[in-house]
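Asker: Okay, here's what each chain looks like letter by letter:
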Amino acid sequence: MIDVAWSDFTPWTALTGGLLIGLAAALFLLLNGRIAGISGILGGLLSPTRGDIVWRLAFIGGLIGAPLAWIMMADLPPIEINAGYPSLIIAGLLVGVGTRYGSGCTSGHGVCGLSRLSLRSLAATLSFMAAGFITVYIIRHLLGV
Amino acid sequence: MKYTLASLLAGLIFGFGLIISGMANPEKVLGFLDITGLWDPSLAFVMAGAIIVGIGAFAIARRRTLSFLGFSMKIPTSSHIDKRLIFGGLSFGVGWGIAGFCPGPGLVALGAGEIKAAVFVVSMVAGMAVFELIERQRVKA
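So the sequences go chain by chain: A and B. My numbering numbers the first residue of the first sequence as 112 and each following residue consecutively. My numbering numbers the first residue of the second sequence as 2 and each following residue consecutively.
Honestly, the hints are just simulated from the structure, not real lab data. On a predicted model such as this, the values are computed, not experimentally measured, just so you know. The beta-carbon is built from N, C-alpha and C at its ideal position, and this holds for glycine as well. Heads up, a few of these hints could be off.
Partial chain A-side listing against chain B, Cβ under 8 Å, derived [to be verified]:
no.: 1; residue: R145
no.: 2; residue: G209
no.: 3; residue: G213
Per the computed footprint, the stretches of chain B lying under chain A, defined by three or more beta-carbons under 8 Å from a beta-carbon of chain A, are [unchecked claim]:
no.: 4; region: 20–33
no.: 5; region: 94–105
FRET-style restraints, in silico, Cβ to Cβ [to be verified]:
no.: 6; chain 1: B; residue 1: V131; chain 2: A; residue 2: L233; range: 23 to 33 Å
no.: 7; chain 1: A; residue 1: M183; chain 2: B; residue 2: S80; range: 37 to 47 Å
no.: 8; chain 1: A; residue 1: S158; chain 2: B; residue 2: G114; range: 25 to 35 Å
no.: 9; chain 1: B; residue 1: F88; chain 2: A; residue 2: S118; range: 31 to 41 Å
Using the sequences provided together with the hints, build the complete structure.
Answerer: In structure tokens, the structure reads:
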């Protein structure tokens with residue numbers, strides 16, 4: 112049975128944030144004609160071609176700049192990173208290699224791909240969700256870390 | 002210039018969405034992935050909110066050959082489900098489950114000045130570089 116952590120569950124801020132993420136993806140699609148897939152936008156910088164660099168840096172800059180703009184208006188919600196450095200390095204490598212082989216991450220496949228009803232993106236999303244659930248199960252409940 | 006500004010704006014709004022939703026916090030993401038423990042369904046609501054808007058946007062985009070700023074539409078056409086897609090997704094999912102970071106939240110947490118997020122992002126870019134090197138070798142071979 113699923114045991115819901117009601118005290119952690121934040122449906123309204125989650126939905127509001129989700130609508131904003133959707134708005135960002137919609138703007139990017141309707142103004143620039145592109146998919147807001149963050150791993151693809153970042154990864155494309157590693158095989159740069161002329162005229163294809165600045166917009167990528169601008170999008171990444173917007174993401175990195177968002178918390179900086181936020182703290183001028185309000186306190187930043189907590190960011191709790193409990194993974195140790197070795198775990199973060201392994202996680203980063205896996206996320207980097209995996210998102211490039213799989214041609215996308217939570218934004219490109221999860222948000223944009225599902226929005227355009229792509230079966231390919233659904234398959235990718237089910238793959239990384241399943242792997243995420245199993246990994247957390249192993250780490251938290253089998254290894255008890 | 003318009004293209005760059007629209008990219009910046011989209012990145013910024015995307016970042017705000019991640020912050021408001023709590024998804025820039027790896028512990029909250031792991032709370033969603035811990036479905037056999039005490040489960041926090043918030044991430045599903047984030048996805049739902051984003052997809053509701055996204056469906057509308059793609060319905061409009063599908064009927065256009067040029068964007069509203071006059072750029073060509075670059076919507077993926079591949080529908081191929083192959084080993085690369087699945088193994089890539091699985092590797093990404095394992096990494097996601099280890100630290101609770103996917104690419105967007107990693108970049109936002111980096112912007113918030115988290116050293117650990119910086120370590121994650123540098124490792125992620127290194128992973129992407131490994132992919133590039135392997136792909137270049139593969140194309141040559």
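Asker: Check the structure against each numbered hint from earlier and tell me which ones fail, lowest number first.
Answerer: Checked against the structure, no hint fails, so every one of them is satisfied.
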